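K.L.:
The lines below spell out each chain.
Protein chains: 2
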Amino acid sequence: MKRRSFLKKAAVGLAAGTVAAPAIAQSQPTVSWRLASSFPKSLDTIFGAAEVISKRVAAATNGKFTIKVFAGGEIVPPFSVVDAVQNATVECCHTAPYYFFGKDPTFAFACAIPFGMNARQQNAWMYHGGGADLMREFLKEYNIINFPAGNTGAQMGGWFRKEIKTVNDLKGLKMRIGGTAGLPLAKLGVVPQQIPGGDIYPALEKGTIDAAEWVGPYDDMKLNLHNTARYYYYPGWHEPGTTNEFSFNKKAYDALPVDLRRTLDHAAAAVSVYGLTDYHAKNAIALERLKTEFKAKVEIIALPGPVLRDLKKIAGDVIREESEKTPMARKIHASYTKFQALVGPWDRVAEGAYHQLVEG
Amino acid sequence: MKRRSFLKKAAVGLAAGTVAAPAIAQSQPTVSWRLASSFPKSLDTIFGAAEVISKRVAAATNGKFTIKVFAGGEIVPPFSVVDAVQNATVECCHTAPYYFFGKDPTFAFACAIPFGMNARQQNAWMYHGGGADLMREFLKEYNIINFPAGNTGAQMGGWFRKEIKTVNDLKGLKMRIGGTAGLPLAKLGVVPQQIPGGDIYPALEKGTIDAAEWVGPYDDMKLNLHNTARYYYYPGWHEPGTTNEFSFNKKAYDALPVDLRRTLDHAAAAVSVYGLTDYHAKNAIALERLKTEFKAKVEIIALPGPVLRDLKKIAGDVIREESEKTPMARKIHASYTKFQALVGPWDRVAEGAYHQLVEG
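Note that the protein sequences, when read in sequence, are chains B and P. Its first residue numbered 1, the first sequence is counted upward by one per residue in our numbering. Its first residue numbered 1001, the second sequence is counted upward by one per residue in our numbering.
Note that these hints are calculated values from the structure, not bench results. Treat the numbers as computed from the prediction; the structure is a model and nothing was measured. One should not assume that every hint holds.
Heads up, simulated DMTMM-like pairs for lysine to aspartate or glutamate below, C-alpha to C-alpha not over 20 Å straight-line [stated by the list, open to error]: (1) K55/B x D1265/P; (2) K1338/P x E359/B; (3) K1297/P x D1310/P; (4) K1162/P x E1051/P; (5) K338/B x E1205/P; (6) K1313/P x D104/B; (7) K1312/P x D265/B.
If we take Cβ atoms under 7 Å as the criterion, some of the chain B residues that face chain P in the derived model are [to be verified]: (8) G172; (9) A341; (10) W346.
By construction, the Cβ of each residue, glycine as well, lies at the ideal position given by its N, Cα and C atoms.
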């Protein structure tokens, strides 16, 4: 928009109390960043979040700040993006931080914990329960500052080629599963595997693995999982609200002028709501398709109560043990579980009670 | 930050692939807006959302765009803020749009519908289910463009001075209740009243009303409601995820340079996640206080199943009737109910099933 045209159009604003101060000549360098995603381009939801932030940051800064987005493997392998940010190979990444729990279990608390917090609770902990501050204290040693950016919401429990009737049916299963959820499954005899999204279908199709979880109906169908396994389980006990994250190289972030930093922060928060609700709408449509179009091929069933009870008991113990590995993991585990215990009773009378009222 | 210092600090970015283009001299006028809130200053949650957006927009634009926030009644009465934006008395307002359902029932669909969608579902409809486009089509005649900005999450069912055992106990009750939820209650003999937040306590204390709902434990305690009524009911059947809104005068918004418009959009979306989770954390703490500190004074109890069943049946009928009043309300009611029916089965296996697993 030309300046003259803007001032003319702004007249209504002036009449209504706007004060147009004299124009200030400003000079600011442009900034170009590269973002390494852990996700494949085929997933418009989870990969798309990085593109959304890139477009929105460019638009909000008049093109002064551009972020070029690369899919998993394009410039950095999917599970090496944290190293790439740490080493300043790229300025930022978009990932699910639990991929890195092998480096340090602390990573998982910013993302998803089996039988842990859902999207709303997790964001409440991050923004208003001290979670973000603690995670940033931890991530300093990786030269990283992180922002929650996108959330899958509650996931599905995964695709299985054979039915799971008791915990015995889990024994010996090779299963693709993200994050710390493989730990309790391993106690029940599962062989957990962390495989990037784009590689799950061939592994399942070839029989290299027997079961796999990714996210929910929309993404899973994009990955073609419904064409290679019959039993689709719920609920997503292992990932109740997986929080993806933008992680920025701390020096690159701190070197930005403050207006660009704030623009990034808001865009990350905005992506949290766009992303969660994008998944919500798309998963609803995809579930409907599974129930109709793929009715003969796919069974959508609940995991048996006793299996879930065993998993819950084991998961609590295993996550506690895992958190004893480092002082930071212990500290963050304590904060996380305390916050979950605090918000649980509130959700029982609020969101949970409402879910039961309309769906029960 | 001085330019020299920025360039120095940006060196790490450069090494990591940043390209600093030559500085471009820019001139852009500063913009000063006024925002009229419907809410009292005492509520840091709901009133605070407008202050958050104001601060964040200023920070993201280097102070070029300032929004001065006025509490309900300071320059515009709480329930006149839409008129004030329509008439360009102020450039924007922050409100709960269902306050205006008397003008046109369509307003309510952007906010809260009894037995309607929760925060996640409502945002999914707004952002990804056509809801925002439809609401903006409707709001054109009010010279308004709207953005969801903050959400209370599932509310509590309200404070009552006497116990509600059957629908007969509702007869003749004068109750403060927001939005269209008064309509089904009226069918059961309640006299619904729309009273601004700041005026609820004196009305309940003086006995002008017998019952009142506002939001949830945190706000309600700030309003002192726990010191004037004993029975605190759940669930919030009437407001499952009340969406507050920033509404901008369309001409003032369109006259903004595109970068400032995008900055506003993101800040509104960011406030949606900050606001919802702020409520979540604070309500959890406040509920705990009610259960301990105020144990002798306050009973937190579920509305009886038969009362909820009657209300649900009546609410469905009444909202449908109400929506027949204007073509736009009919159109938006159809879109809203269709989306709610679509996402319901997904929530049954995802968020709802997970709530049941961990709280059930």
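K.L.:
With reference to the structure, classify each hint as holding or not holding.
P.N.:
Hints, one by one, checked against the model:
Pair hint K55/B plus D1265/P holds up; C-alpha atoms about 13 Å apart against a cutoff of 20 Å. Between K1338/P and E359/B the alpha-carbon distance is near 16 Å, which keeps this suggested pair within the 20 Å criterion. Taking the CA atoms of K1297/P and D1310/P, the gap is near 29 Å; set against the 20 Å cutoff, the hint is violated. The straight-line distance between the Cα atoms of K1162/P and E1051/P is roughly 37 Å, outside the 20 Å bound, and the hint therefore fails.
Proposed proximity of K338/B and E1205/P is contradicted: the alpha carbons are some 37 Å apart, above 20 Å. This hinted pair does not check out: K1313/P and D104/B have alpha carbons roughly 52 Å apart, beyond 20 Å. At most 20 Å may separate the alpha-carbon atoms for a hinted pair to count; K1312/P and D265/B exceed this at roughly 41 Å. The interface hint given for G172/B is broken, as the beta carbon of that residue sits about 26 Å from the closest beta carbon of chain P, more than 7 Å.
Taken as an interface hint, A341/B does not check out: its beta carbon lies about 10 Å from the nearest beta carbon of chain P, beyond 7 Å. Interface hint status for W346/B: upheld, as the beta-carbon distance to the closest one in chain P is roughly 4 Å, under 7 Å.
Checked against the numbered hints given earlier, this structure breaks hints 3, 4, 5, 6, 7, 8 and 9; the rest are met.
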